[in-house]
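K.L.:
So you can see what is in the structure, the chains are spelled out below.
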Amino acid sequence: MKTVDIIAQRTPEWRELEDEISWFRHHGVQDAARVAAFAQRYRAVCGDLSLAISMRFPANTTEYLHQLVADAHTQLYRAETFRLRRWGRKILVEVPQRIVRDPCTWISFGVFWGLFFGSLIAAYSNEEFATAVVGEQTLQRVETMYAQPLENNDEDGERSAMTGFYVFNNAGIGLRCFASGIFLGVGSLITLAFNALFLGTLFGHMIRSPSADNFITFVTAHGPFELTAVVLSAAAGLRLGWGLIDTGGKSRRDSLRATSPQALEVAGVATVLFLLAAYIEGFISPSSLPYSLKVAAAAISTLLLLGYLFGLGYLVSWRRARAT
Amino acid sequence: MTETLVMGSPPLDTIITVSTPENVAFGFRLAGPFYRFLAMLIDLTLLGVVLFAFAMALSVLGEAGIGLLLFLVFFAWWGYGGLMETFFNGQTLGKKALGIRVVSESGLAINAGQAILRNVLRGADLIPPFFPGVASMLITSRFQRLGDLAAETIVVIDGGRSDLRPPRTNQRVEAIWHLIPARYHPDSSLVDALAAYVGSRDNLSVSRRRELAQPLASHFIRIWGLPTKSDSDLVLCAIYSRATMDQVEVHERRAKRTNHADVEILDE
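Chains A and B, in that order, are what the protein sequence lines are. Under numbering that gives the first Met the number 0, the first residue of the first sequence is numbered 0, with each subsequent residue one higher. Under numbering that gives the first Met the number 0, the first residue of the second sequence is numbered 0, with each subsequent residue one higher.
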């Protein structure tokens, strides 16, 4: 059969391509000359595959060629390199503008702070509210935690341990909040509301209790970063879910694909804020530094956040508009 | 009549076709939930072992070690998959072990954003007790969990090449070949079937080949008046040889004329 002849003729070339693929698998694509030769051979084998399909080569040969072309294709077309500059520009300019313009951010903001202050006032004025929402045991535990004023008797080791715990716990909750936004944003809203109610009730109760001073001293320093991070995680999750609801004319799938990278960037910013808050919570908050310093830390955090969200994005784009 | 290159309706296999810039379409085989679950198990086991080793080493540092360990656990759970898939062209260690790979839906390689996104959204896929990721893999046509749907990725089987064994011919096929009417041109669906048969007959025993070939070959033996004791297997090989030979000759003539390295796709 003629096909047999063609197959016999081309088999050495196919075997060579196989070897090249194995070589690239182990060594990566460093050698430019080798890559160029590989590309040429790949195109020839693509031609062989077309030939095999159009001329109905025996099925096992065609299957073999499919697999060979697929493997070569995977080696030739590789992932984009990670361009730091482009990412840097994105995170510093585009993302803050997007966060501020997005209604999801403000919905998340409103839901969180509304429920937070609502439950704070409710717990402050009514003792039973706090017990009903949070539970007597938790209240007791938190009160005893802050019964003593904060002293500097923790070693660095314990502070590092707590920092690691805060990263693992809080940032994990933040990312899970973001991920559950894919269920039409409902998962994010539930997590957000739950956290707002819990924290607000706790705050309201603790302000009334005898350990109020210690409690406030502890939470001041890391408050801005952490609470903003929670709001941003939920905002990212809402954006993910919103993309499924308000598709802007595309199919739901395409809409999801368009919005999810953007939502991921916001979740990334939230994760960074969680990391910073964890460090502050681990090292600054429990220390016995004077309260004025902790307030200063909180103030600096807030200014940095406002500068990032409102200042950086608009400033850079304004300067660029002036330059052109 | 111009026939399309697609051979009938696509089979019910989990193969997706990818069109490439080289103007050829090849098929990727999709990796199903079991493959991916196994890969995930391998990854988790490896991570567990590494983190355990770290825990042992860091216990020297006391409580600071615990903090560092928790940090590492966080990054391992949320970031390992994304980082590995970015820098290893779509494979984590577990996927490498099983020979599967993450690629974009279009067949091209994935970028960092896609890798990180699909791994972060695993948090949504693995919510007990329903595990939406599993349901998603079973419902979508390409075994995509929620992370894959958002990041436009699929997981395919990479490597594991089927063995290349070219079909053998012999003199008796030639003998039958000459008995086939000159004007006979089988249509493409018959040639497809014959191509499938010739491709797999090496794996079968002689009696099995005759058994498979018999219904179709007996039809041709009857209408062409071939010797009734002809080997059914060889009859089909001869018909296949006739069908492909004409096309090969036409192709060779064209190739000599244009003197081109690339191959044109023929219409029938």
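Hints are supplied without guarantee of correctness; some may be wrong.
Heads up, simulated DMTMM-like pairs for lysine to aspartate or glutamate below, C-alpha to C-alpha not over 20 Å straight-line [unchecked claim]:
#1 Lys228(B) / Glu151(B)
#2 Lys89(A) / Asp101(A)
#3 Lys255(B) / Asp230(B)
#4 Lys95(B) / Asp4(A)
#5 Lys255(B) / Asp4(A)
#6 Lys1(A) / Glu210(B)
#7 Lys95(B) / Glu19(A)
#8 Lys1(A) / Glu173(B)
#9 Lys249(A) / Asp42(B)
#10 Lys1(A) / Glu19(A)
#11 Lys1(A) / Asp42(B)
#12 Lys249(A) / Glu151(B)
#13 Lys1(A) / Asp201(B)
#14 Lys95(B) / Asp18(A)
#15 Lys95(B) / Glu173(B)
So these bits of chain B aren't anywhere near chain A, every CB distance computed over 10 Å [as the list claims (entries may be wrong)]:
#16 Leu37
#17 Ala96
#18 Phe130
#19 Ala181
#20 Leu193
#21 Leu211
#22 Ile222
#23 Asp230
#24 Ser240
Computed list of chain B residues with no C-beta within reach of chain A, every gap over 10 Å [to be verified]:
#25 Thr19
#26 Gly31
#27 Pro32
#28 Arg171
#29 Val197
#30 Ser199
Please keep in mind that the hints were generated in silico from the structure rather than gathered at the bench. Cβ atoms here follow ideal geometry from the backbone N, Cα and C, with glycine treated the same way.
K.L.:
Over 10 Å to the closest beta carbon of chain A is the bar; see if alanine 96(B) clears it.
P.N.:
Non-interface label stands for alanine 96(B): nearest chain A Cβ at 14 Å, farther than 10 Å.
K.L.:
Was serine 199(B) rightly flagged as not at the interface, with every chain A Cβ beyond 10 Å?
P.N.:
The claim breaks: serine 199(B) does not keep its Cβ more than 10 Å from every Cβ of chain A (closest is about 6 Å).
K.L.:
Please verify whether lysine 249(A) and aspartate 42(B) have alpha carbons no more than 20 Å apart.
P.N.:
36 Å, violated
K.L.:
Check whether the Cα positions of lysine 1(A) and aspartate 201(B) lie no farther apart than 20 Å.
P.N.:
18 Å, holds
K.L.:
CA of lysine 255(B) to CA of aspartate 230(B), is that 20 Å or under?
P.N.:
Outside the cut-off at roughly 37 Å; violated.
K.L.:
Given the hinted pair lysine 95(B) and glutamate 173(B), is their alpha-carbon gap at most 20 Å?
P.N.:
47 Å, violated
K.L.:
Using Cβ atoms and 10 Å as the threshold, tell me whether isoleucine 222(B) really stays out of contact range of chain A.
P.N.:
The claim stands: isoleucine 222(B) keeps its Cβ more than 10 Å from every Cβ of chain A (closest is about 22 Å).
K.L.:
Mind verifying the non-interface call on aspartate 230(B)? Its CB should be farther than 10 Å from each CB in chain A.
P.N.:
16 Å, holds
K.L.:
Is the Cβ of phenylalanine 130(B) farther than 10 Å from every Cβ of chain A?
P.N.:
Nearest chain A Cβ is 13 Å from phenylalanine 130(B), so the label holds.
K.L.:
Is it the case that leucine 211(B) keeps its Cβ farther than 10 Å from each residue Cβ in chain A?
P.N.:
Non-interface label stands for leucine 211(B): nearest chain A Cβ at 14 Å, farther than 10 Å.
K.L.:
Holds or violated: lysine 95(B) and aspartate 4(A), Cα atoms, limit 20 Å.
P.N.:
Roughly 36 Å between the alpha carbons, so the hint for lysine 95(B) and aspartate 4(A) is violated.
K.L.:
Given the hint that lysine 228(B) pairs with glutamate 151(B), test it: the Cα-Cα distance must not exceed 20 Å.
P.N.:
Since the Cα atoms of lysine 228(B) and glutamate 151(B) sit roughly 57 Å apart, the hinted pair is violated (cutoff 20 Å).
Checked against the numbered hints given earlier, the structure breaks hints 1, 3, 4, 6, 9, 10, 11, 15, 20, 24, 25, 29, 30 and satisfies all the rest.
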